[in-house]
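If you want our numbering, it's the position in the sequence shown, counting the first as 1, plus 7.
Simulated from the structure, these hints should not be mistaken for lab results.
Some hints here could point you the wrong way.
As the list claims (entries may be wrong) - Okay, derived cross-link-like pairs now, DSSO-like style, lysine-lysine, Cα gap no bigger than 30 angstroms in a straight line:
| # | residue 1 | residue 2 |
| --- | --- | --- |
| 1 | 70 | 324 |
| 2 | 335 | 317 |
| 3 | 55 | 20 |
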Amino acid sequence: MPQILEGLNDQQKAAVQATAGPVLVLAGPGSGKTRVLTRRIAYLIEEKKIDPWHVLAVTFTNKAAKEMGDRVEELIGHRFPPPAEGRRRSLGGLTIGTFHSVCARVLRVEVEAAGFQRNWVIYDSADQLALVREVMKEMQLDEKRFSPRAVLSQIGGWKNDLLTPDLVSADGYMQEICDRVYGRYQQLLRLNNAMDFDDLLMHAVLLLRKNKEVRRKYQDKWRYVLVDEFQDTNTAQYELASLFVGPPDGRGNLFVVGDEDQSIYRFRGADYRNVLQFRRDHPAANVVLLEQNYRSTQNILDVANAVIAKNPNRTPKRLRTDLGSGLKVTIHEAYNEVEEAEYVLDEAVRLSAQSGVGPGGAAVVYRTNAQSRALEEACVYRNLRYRLVGATRFYERREIKDVLAYLRLVHNPSATMALDRIINVPPRGIGARTYELLKVWAASGSVSEWQAMQTLISDGRERDESDASPPHLPRGPFAERAERVCSG
Numbered sequence: 008m009p010q011i012l013e014g015l016n017d018q019q020k021a022a023v024q025a026t027a028g029p030v031l032v033l034a035g036p037g038s039g040k041t042r043v044l045t046r047r048i049a050y051l052i053e054e055k056k057i058d059p060w061h062v063l064a065v066t067f068t069n070k071a072a073k074e075m076g077d078r079v080e081e082l083i084g085h086r087f088p089p090p091a092e093g094r095r096r097s098l099g100g101l102t103i104g105t106f107h108s109v110c111a112r113v114l115r116v117e118v119e120a121a122g123f124q125r126n127w128v129i130y131d132s133a134d135q136l137a138l139v140r141e142v143m144k145e146m147q148l149d150e151k152r153f154s155p156r157a158v159l160s161q162i163g164g165w166k167n168d169l170l171t172p173d174l175v176s177a178d179g180y181m182q183e184i185c186d187r188v189y190g191r192y193q194q195l196l197r198l199n200n201a202m203d204f205d206d207l208l209m210h211a212v213l214l215l216r217k218n219k220e221v222r223r224k225y226q227d228k229w230r231y232v233l234v235d236e237f238q239d240t241n242t243a244q245y246e247l248a249s250l251f252v253g254p255p256d257g258r259g260n261l262f263v264v265g266d267e268d269q270s271i272y273r274f275r276g277a278d279y280r281n282v283l284q285f286r287r288d289h290p291a292a293n294v295v296l297l298e299q300n301y302r303s304t305q306n307i308l309d310v311a312n313a314v315i316a317k318n319p320n321r322t323p324k325r326l327r328t329d330l331g332s333g334l335k336v337t338i339h340e341a342y343n344e345v346e347e348a349e350y351v352l353d354e355a356v357r358l359s360a361q362s363g364v365g366p367g368g369a370a371v372v373y374r375t376n377a378q379s380r381a382l383e384e385a386c387v388y389r390n391l392r393y394r395l396v397g398a399t400r401f402y403e404r405r406e407i408k409d410v411l412a413y414l415r416l417v418h419n420p421s422a423t424m425a426l427d428r429i430i431n432v433p434p435r436g437i438g439a440r441t442y443e444l445l446k447v448w449a450a451s452g453s454v455s456e457w458q459a460m461q462t463l464i465s466d467g468r469e470r471d472e473s474d475a476s477p478p479h480l481p482r483g484p485f486a487e488r489a490e491r492v493c494s495g
């Protein structure tokens with residue numbers, strides 16, 4: 008048996024050795040899908056003698072791409088010359104990257120065919136938002152009524168579905184507004200010789216669709232295409248993979264790994280139905296199920312199997328493990344988040360004492376950041392020391408501190424520190440010098456800054472601006488801004 012296959016179970020070996028035609032690997036959680044992907048790349052190169060230049064592996068994050076590259080290098084790096092100092096081993100031209108990085112590479116090479124100039128740039132999220140705001144200002148659209156972020160999100164969704172402005176069929180007034188912005192937004196991107204991240208996918212697909220010569224070039228180059236996390240692909244990414252590998256009856260080999268049960272990025276345009284679409288587009292595809300779980304006990308898997316079995320739009324799978332039954336899964340329905348937090352901590356303390364590891368051996372995983380508040384308060388109430396991993400403590404978050412500052416002002420208008428914090432949150436155009444003058448004037452009259460602002464507001468209703476008081480304060484405009492602070 009080849010060394011590359013050592014340590015794999017029968018299902019994993021079948022996936023690695025399936026090197027002909029389209030292959031769909033449905034990999035349950037904890038079933039070793041990354042191992043299968045990297046071993047298959049190594050198997051193609053080491054055992055099947057495929058030139059690494061003909062292999063493309065795509066995933067969704069730079070971190071995942073790096074991990075994949077590192078693992079492949081561990082397996083077959085000895086076959087290639089050592090890298091220059093500070094550089095990675097080339098692995099014979101093997102291409103591993105994210106969808107976006109691969110598309111950017113193609114568009115840089117095929118820049119003229121794509122209709123851009125050579126020095127085109129990629130707009131990041133801040134650039135995109137600024138451009139949308141510029142278009143909305145040009146169209147006299149009120150940002151309070153039409154959120155620029157929401158408009159940008161809709162534009163990104165259309166691009167992921169490969170809908171250019173001329174193909175959009177707006178459904179409702181909001182989409183009509185977004186469609187108007189979309190057309191002008193794309194015009195300005197072209198004028199600036201720029202693309203946004205979603206353009207990288209859309210322009211690559213449009214290029215490969217329309218340009219037969221370019222399409223054949225990459226189909227000849229990447230004869231073996233591997234796609235990770237296939238359940239998280241969107242329309243553009245699915246078509247991109249298909250265009251790279253060519254028609255099903257061609258010599259290309261498309262190998263996708265995914266699991267419809269694990270699709271969680273619908274809000275980003277991901278469509279788990281691409282897994283089902285793959286089977287329709289490739290009826291003769293070799294389908295391999297990875298059902299051996301190396302992470303959980305059987306009781307956990309039985310609960311997961313029972314929950315997901317209610318979904319009719321999936322391929323039936325039955326996860327199993329050799330790690331034993333383990334503890335039974337407990338489901339507790341709490342009345343509210345406070346009761347839930349109390350129950351969780353009671354159980355954590357009980358189980359820690361029972362096992363003898365102490366509270367430091369317990370970990371609590373929550374789904375959303377907002378849930379940490381109840382848990383943190385319950386810890387404080389019990390005088391339990393805790394450490395928050397990968398996040399800022401609830402009451403230390405900027406937005407929470409801002410809200411608390413507003414509440415302190417409502418309760419105590421003389422709370423100077425609270426006013427200092429939120430005087431320009433959200434931005435109101437009150438400069439540091441103007442605010443400092445207000446503080447000096449308030450101190451001279453032995454009143455709080457809040458009371459000083461109330462006086463300015465009151466004066467503004469009774470006096471002409473030319474009779475402004477105190478001196479040196481831009482009383483009229485400042486009074487208007489102060490009133491916005493006092494009115495919330």
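Hint by hint, here is what the structure shows:
1. 70 with 324: OK: residue 70 and residue 324 at ~29 angstroms, within 30 angstroms.
2. 335 with 317: Within the cut-off at roughly 21 angstroms; holds.
3. 55 with 20: 15 angstroms, holds
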